[in-house]
Amino acid sequence: MARSAPELPAHHYSAAGGSGRRSSSSAAASCLVAVLFLLLAAGGAAAALFLLFRPRAPAIAVTAVQLPAFAVANGTVTFTFQQLASVRNPNRSPLAHYDSSLRVAYAGGEVGSMYIPAGQIDGGRTQYMATSFAVPAFAVAGPSGSSTAQPATISVPASGPSPHVAAALLVETQPQPPVMEVDSLLVVKGKVTVLKVFTHHVEAAKVCRIGVSPADGRVLGFRC
1 MARSAPELPA
11 HHYSAAGGSG
21 RRSSSSAAAS
31 CLVAVLFLLL
41 AAGGAAAALF
51 LLFRPRAPAI
61 AVTAVQLPAF
71 AVANGTVTFT
81 FQQLASVRNP
91 NRSPLAHYDS
101 SLRVAYAGGE
111 VGSMYIPAGQ
121 IDGGRTQYMA
131 TSFAVPAFAV
141 AGPSGSSTAQ
151 PATISVPASG
161 PSPHVAAALL
171 VETQPQPPVM
181 EVDSLLVVKG
191 KVTVLKVFTH
201 HVEAAKVCRI
211 GVSPADGRVL
221 GFRC
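One point on numbering: in UniProt numbering, the residue at position 95 of the sequence shown is 95, and numbering is uninterrupted.
None of these hints come from the bench; they were simulated from the model. As the structure is a computational prediction, the values presented were derived from the model and not from experiment. Any given hint might turn out to be false.
Stated by the list, open to error - Using C-beta positions, here's what the derived DEER-type ranges look like:
#1 Val72 / Gly119: 33 to 41 Å
#2 Ser113 / Ala139: 13 to 21 Å
#3 Leu40 / Arg103: 46 to 54 Å
#4 Gln120 / Val72: 34 to 42 Å
#5 Arg125 / Asp99: 18 to 26 Å
#6 Arg209 / Ala59: 39 to 47 Å
Cβ coordinates follow ideal geometry from the N, Cα and C atoms, glycine included.
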């Protein structure tokens with residue numbers, strides 16, 4: 001008579017099944033940890049590349065403004081506007097600029113403009129842009145007030161005023177020359193290609209207020 005195989009104890013089956021589940025759980029946990037590590041490494045690399053190659057707008061600095069030709073006739077003014085500016089590319093990649101322009105305004109209205117030829121500025125380099133164009137004749141406002149008003153009388157001791165009082169009197173009694181203010185707006189537009197794959201558009205602008213003598217066109221000063 002054939003004998004049946006002896007049955008294993010119940011605890012033997014329980015131990016064998018528990019070991020299989022533990023090994024599969026450990027493998028899944030290891031895979032999950034590996035995936036998380038790869039994701040963190042990829043995110044860190046992307047953040048480092050973005051900080052290193054992130055596109056930034058060019059830096060503009062106006063260094064000189066001149067009006068070499070200036071004429072006044074019948075309440076209108078015409079002149080040639082010249083401006084020298086430096087444009088620095090702070091990016092590691094070259095900056096290809098286009099659609100850039102320089103505009104001149106008076107009393108809130110544009111009186112002249114010109115487009116700047118397209119070009120390229122290498123990474124970390126500075127390029128100087130010298131612009132010159134003729135502004136057509138436009139009407140200017142007359143003096144805001146009369147200069148015939150007399151200063152107030154100030155009594156001083158018989159020995160004479162102190163130096164600082166004398167200087168104040170001299171400034172008050174001398175008529176102030178009129179000033180014509182014009183505004184210039186330099187806009188630089190372009191694109192930066194990061195890692196030769198991603199293209200980003202950048203733009204920068206610089207506004208300057210320029211004080212001009214309406215008598216002879218001398219530039220009395222400017223601020224940007």
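Cross-check of the supplied hints:
no.	hint	result
1	Val72 / Gly119: 33 to 41 Å	holds (36 Å)
2	Ser113 / Ala139: 13 to 21 Å	holds (18 Å)
3	Leu40 / Arg103: 46 to 54 Å	holds (49 Å)
4	Gln120 / Val72: 34 to 42 Å	holds (41 Å)
5	Arg125 / Asp99: 18 to 26 Å	holds (20 Å)
6	Arg209 / Ala59: 39 to 47 Å	violated (20 Å)
Against the hints set out earlier in the document, a violation occurs for number 6 only.
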